[in-house]
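Chemist: So the protein lines, in turn, are chains A and B.
Under our numbering, think of the first position of the first sequence as 736, with each following residue one higher.
Under our numbering, think of the first position of the second sequence as 7, with each following residue one higher.
Read the hints as simulated data drawn from the structure, not as lab findings.
Cβ coordinates follow ideal geometry from the N, Cα and C atoms, glycine included.
A couple of the hints might just be wrong.
[To be verified] Per label pair, the in silico range of CB-to-CB distance:
1. B:His-16 to A:Glu-801: 36 to 42 Å
2. A:Glu-751 to B:Ser-64: 42 to 48 Å
3. B:Val-18 to A:Glu-801: 38 to 44 Å
4. A:Ser-844 to B:Met-45: 15 to 21 Å
5. B:Ser-59 to A:Gly-797: 23 to 29 Å
6. B:Arg-104 to A:Thr-807: 21 to 27 Å
7. A:Ser-761 to B:Ala-8: 34 to 40 Å
8. A:Ser-763 to B:Ser-64: 26 to 32 Å
9. A:Ser-744 to B:Arg-28: 18 to 24 Å
10. A:Ser-761 to B:Lys-57: 49 to 55 Å
11. B:Lys-84 to A:Ser-763: 46 to 52 Å
[Unchecked claim] Derived DSS-like pairs (lysine-lysine); straight-line CA-CA distance at most 30 Å:
12. B:Lys-21 to A:Lys-804
13. B:Lys-50 to B:Lys-84
14. B:Lys-50 to B:Lys-21
15. A:Lys-804 to B:Lys-47
16. B:Lys-57 to A:Lys-804
17. B:Lys-21 to A:Lys-793
18. B:Lys-60 to A:Lys-804
19. B:Lys-84 to A:Lys-804
20. A:Lys-793 to B:Lys-84
21. A:Lys-784 to B:Lys-21
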Amino acid sequence: AQSVTQLDSQVPVFEEAPVELRCNYSSSVSVYLFWYVQYPNQGLQLLLKYLSGSTLVKGINGFEAEFNKSQTSFHLRKPSVHISDTAEYFCAVKTSYDKVIFGPGTSLSVIP
Amino acid sequence: EAGVTQFPSHSVIEKGQTVTLRCDPISGHDNLYWYRRVMGKEIKFLLHFVKESKQDESGMPNNRFLAERTGGTYSTLKVQPAELEDSGVYFCASSQRREGEQYFGPGTRLTVT
Numbered sequence: 736a737q738s739v740t741q742l743d744s745q746v747p748v749f750e751e752a753p754v755e756l757r758c759n760y761s762s763s764v765s766v767y768l769f770w771y772v773q774y775p776n777q778g779l780q781l782l783l784k785y786l787s788g789s790t791l792v793k794g795i796n797g798f799e800a801e802f803n804k805s806q807t808s809f810h811l812r813k814p815s816v817h818i819s820d821t822a823e824y825f826c827a828v829k830t831s832y833d834k835v836i837f838g839p840g841t842s843l844s845v846i847p
Numbered sequence: 007e008a009g010v011t012q013f014p015s016h017s018v019i020e021k022g023q024t025v026t027l028r029c030d031p032i033s034g035h036d037n038l039y040w041y042r043r044v045m046g047k048e049i050k051f052l053l054h055f056v057k058e059s060k061q062d063e064s065g066m067p068n069n070r071f072l073a074e075r076t077g078g079t080y081s082t083l084k085v086q087p088a089e090l091e092d093s094g095v096y097f098c099a100s101s102q103r104r105e106g107e108q109y110f111g112p113g114t115r116l117t118v119t
């Protein structure tokens, strides 16, 4: 069975500082990896996804993530955050034919 | 192309009442999924439809929850009778193929008082 760990439940960061949100997963089969974002009072929006190919994936709003198979990680990064990035971020995994398994979420708070 | 839509966006009901949530998937998407996030916990899978058939309902918490997808288009999720622990956000997602990306709707926030 697959599982997803997001060790940081809350991450405060100052505006224009870099941020990294950590994600580790466990799976005995190949998986697809995703980062979703939920802004306050809104639904889930796909930030980026890794299906295959290049391990560095670029997403919307300046975010990127790197797939590391040996460390089973898929950490999300942004070099300079903005106030509007304040939201909850979910890492998720999915096998070819399975449902999406979500991590517990990381609440990112950008401080002016 | 319209995305996944859910109705209502927010519902407040009393314990013991019935609530029906609706999800309209992206047109042409045969696969429809329900997920929910109860307060303070992870987003969890509830069930998966392929057209009108239930492919996997392993995540349904108990028999107070009934999901239908008549005609293979929109889906409803009924909670009857609602309990306090059912409060949370219910998400719907759809995909064209089982192995494809799932597109999520905005969610329905259910509050049971």
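Chemist: Please go over all the hints and tell whether each is borne out by the structure.
Modeler: A quick look at each hint next to the structure:
Range check, B:His-16 to A:Glu-801: Cβ separation about 37 Å, and the 36 to 42 Å hint holds. For the hinted restraint 42 to 48 Å between A:Glu-751 and B:Ser-64, the CB-CB distance of approximately 45 Å keeps it satisfied. Under the hint 38 to 44 Å, the C-beta atoms of B:Val-18 and A:Glu-801, about 42 Å apart, fit the expected range. The hinted range of 15 to 21 Å is satisfied by A:Ser-844 and B:Met-45, whose Cβ atoms lie roughly 19 Å apart.
Between B:Ser-59 and A:Gly-797 the beta carbon distance is about 41 Å. The supplied range of 23 to 29 Å is therefore violated. Separation of B:Arg-104 from A:Thr-807 is about 24 Å and conforms to the stated range, judged on CB atoms against 21 to 27 Å. Separated by about 36 Å at the C-beta atoms, A:Ser-761 and B:Ala-8 satisfy the suggested range of 34 to 40 Å. Distance hint for A:Ser-763 and B:Ser-64: a CB-CB separation of about 18 Å, inconsistent with the stated range 26 to 32 Å.
The hinted window of 18 to 24 Å between A:Ser-744 and B:Arg-28 is violated, with their beta carbons roughly 32 Å apart. In this structure the hint that A:Ser-761 and B:Lys-57 lie 49 to 55 Å apart at CB is violated, the actual value being about 32 Å. Judged by the Cβ atoms, the range 46 to 52 Å given for B:Lys-84 and A:Ser-763 is violated: they are separated by roughly 36 Å. For the hint pairing B:Lys-21 with A:Lys-804, the CA-to-CA distance comes to about 46 Å; that exceeds 30 Å, so the pair is violated.
Between the alpha carbons of B:Lys-50 and B:Lys-84 the distance comes to roughly 17 Å, so the proposed pair stays at or under 30 Å and holds. In summary, the hint linking B:Lys-50 to B:Lys-21 is supported, as the alpha carbons are separated by about 22 Å, within the 30 Å threshold. Using a Cα cut-off of 30 Å, the hinted pair A:Lys-804 and B:Lys-47 holds, with the two alpha carbons roughly 27 Å apart. The straight-line distance between the Cα atoms of B:Lys-57 and A:Lys-804 is roughly 35 Å, outside the 30 Å bound, and the hint therefore fails.
Between B:Lys-21 and A:Lys-793 the CA atoms are separated by roughly 45 Å; this puts the pair beyond 30 Å, and the hint is violated. At most 30 Å may separate the alpha-carbon atoms for a hinted pair to count; B:Lys-60 and A:Lys-804 exceed this at roughly 33 Å. A hinted pair counts as satisfied when its Cα atoms are at most 30 Å apart, and B:Lys-84 with A:Lys-804 does not qualify at roughly 41 Å. Proposed proximity of A:Lys-793 and B:Lys-84 is contradicted: the alpha carbons are some 39 Å apart, above 30 Å.
Taken as a hint, the A:Lys-784 and B:Lys-21 pair is broken in the structure, with Cα atoms around 39 Å apart against an allowance of 30 Å.
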